[in-house]
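If you read the protein sequences in the order shown, they are chains A and B.
Residues in the first sequence are numbered from 25 upward in steps of one, following my numbering.
Residues in the second sequence are numbered from 1204 upward in steps of one, following my numbering.
Hint data in this document are derived by calculation from the structure and do not stem from the laboratory.
Be careful, since some hints might not be right.
[What the hints assert, rightly or not] Over 12 Å on every C-beta distance to chain A, these chain B residues come out as not near it, computed from the model: (1) G1229; (2) A1239; (3) G1243; (4) V1281; (5) T1284; (6) G1295; (7) T1316.
[Stated by the list, open to error] Pulled a few chain A residues facing chain B out of the computed Cβ check, cut under 8 Å: (8) I28; (9) R155; (10) G157; (11) S158; (12) L161; (13) H177; (14) N178; (15) G277; (16) Y326.
A quick note: this is a predicted structure, and the numbers were derived from the prediction, not measured.
Every residue gets a Cβ at the ideal spot worked out from N, C-alpha and C, and that includes glycine.
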Amino acid sequence: MTIIKTRADESVSNGDLISEEVEETDVSHGSDDRIERSAGNGRERILDESGPGDGALTGVGGGSGPRAALEASIVSSLDVDVGLRTAAEASFDIAPAITPESVIDDDGRRQIANTYAYPWRVHCSLRIIARDGSAWLGTAFFISPRVLATAGHNVFINGRDPDRRGWVRNIEVIPGRDGNELPFGSALSTRFYSVRGWADDANTEFDYGAIVLDPSEALGNSTGWIGFGAYSDATLRSVWANLSGYPSDRGRGREQWYMARRVDSVSARKVFYDIDTFGGQSGSAVYRIKDGSRYAIGIHAYGVGARPLNSATRINRPAFDNLSAWKQAHQ
Amino acid sequence: MGCGTETDTGLSPDDGPATSATGDQGRPLTVPEALAADPGSQVTVAGTIIQAGGELLLAELLAESFPPQAGGAVLVVVGVTIDDFAPVNTEGDTSWVDASQTLQGSIEGETLTVADLGTGSGSGSGSGGSNDTEGD
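Sequences are here, hints too, so could you generate the full structure?
Listed below in structure tokens is the structure:
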């Protein structure tokens, strides 16, 4: 499916607009798909999953920091850290009686205990102050030392209240938060991006954006980041989607919870899955693992609606171009 | 009628709305489908109940910030209050119901007037509608 860039895909910001587009920096041709799983031996282990893997259209590699321009080719050796506690070792706090709006059947999320380790440290708890001063929680993930991808509704609120609607006032970004522990401190941002489709039209198919950190607070240099890619429908339908974020029903948005499932279905601008989520997880990376590297395929945004699936804004080619441009503009 | 199935109820104009609308195979309409329904028609529509700033909405989607935000198309719901649903979550000035709700009422523009609260209820729900258990 070819997505033509439209006016709705145009980047908008609460600061200076950028107009340049960046040529893709990496092209990945997948031969397999992988899922992040825990091995229980004190190390994170990557297990292969069978899959046709018909090849990525585009992909930008992530990095585990602190290097500034880490490419996917060396990430695989960094994300298998000796001594990591795994998700299998993390505590489980599942309340079976609770069936919140976006927890599908039994809650399959697992708490991440080692949030100071890669890749978990790239995922950030957000404390958002809206234009009217109201407080909100969300999630974002580093795609470069200074830029985090997130849901559009975390940076630009499209409510019916005119006092609230618009760019949020500020966002405190807290990488790898674990309860009251802030292993990388936090940074306050007032610089955001989204696209016209979201900011002007409130179209849920364009619900994504970015948070930019000040050069003096480039926390991504310490945490690393993950890549992102625009993939074909066939590839997306065959991959496992990993999602880690900060739900409010678990630790009030201060604990990181993870779950993975195969992608259920895709549309031109959305990815659907039955990964359990809850309020606060908007902006979480929905990512695949390919050749040991992590690539976001979508940005989680919505709980179940008329269909019993949760969904992310798909990183299609226009979204890929915007994320690349935002990343490039704030190196 | 924009979507769904139109049914002749056999009522005269003086008897009130002459059409009702549900989706294919009797499923509830989505919020966008309800918005496209003929003005004055009776609809059965499913969505998420959320109240922000004092306005009760039936939203197509629930944006998962916390508190959540109404996402996609929305209907303004009148004739019931948030207290007619249960259990209700509240954070700041936002209140919402976890499970997807199915409401019946008359549609006029973007307003859904719910007249009948006795359409059944799901697990622990009040009387405002029936839980759409598919969403749980």
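Structure-based check of each hint:
1. For G1229 of chain B, the shortest C-beta to C-beta distance to chain A comes to about 14 Å, beyond the 12 Å cut-off, and the non-interface label holds.
2. No beta-carbon of chain A comes within 12 Å of the beta-carbon of A1239 of chain B; the shortest separation is about 14 Å.
3. In this structure G1243 of chain B is separated from chain A by more than 12 Å, as the shortest Cβ-Cβ distance comes to about 23 Å.
4. For V1281 of chain B, the shortest C-beta to C-beta distance to chain A comes to about 15 Å, beyond the 12 Å cut-off, and the non-interface label holds.
5. For T1284 of chain B, the shortest C-beta to C-beta distance to chain A comes to about 17 Å, beyond the 12 Å cut-off, and the non-interface label holds.
6. With a least CB separation of 6 Å from chain A, G1295 of chain B falls inside the 12 Å interface cut-off, contrary to its annotation.
7. No Cβ of chain A approaches the Cβ of T1316 of chain B within 12 Å, the least distance being about 18 Å, so the stated non-interface status holds.
8. For I28 of chain A, the interface hint is violated, since its Cβ never comes within 8 Å of a Cβ in chain B; the closest pair sits about 22 Å apart.
9. This hint is violated: R155 of chain A has a C-beta 13 Å from the nearest C-beta of chain B, more than the 8 Å allowed.
10. Of the supplied interface hints, the one on G157 of chain A is violated, with its beta-carbon coming no nearer than about 10 Å to a beta-carbon of chain B, more than 8 Å.
11. With a cut of 8 Å, the hint placing S158 of chain A at the interface with chain B holds, because the nearest CB-to-CB distance is about 6 Å.
12. Interface restraint check for L161 of chain A: the shortest CB-CB distance to chain B comes to about 4 Å, inside 8 Å, so the restraint holds.
13. Interface restraint check for H177 of chain A: the shortest CB-CB distance to chain B comes to about 5 Å, inside 8 Å, so the restraint holds.
14. The interface hint given for N178 of chain A holds, since its Cβ lies 6 Å from the closest Cβ of chain B, which is under the 8 Å cut-off.
15. Against a cut-off of 8 Å between C-beta atoms, the interface hint on G277 of chain A holds, since the closest Cβ of chain B lies about 6 Å away.
16. For Y326 of chain A, the interface hint holds, the least distance from its beta-carbon to any beta-carbon of chain B being 5 Å, beneath 8 Å.
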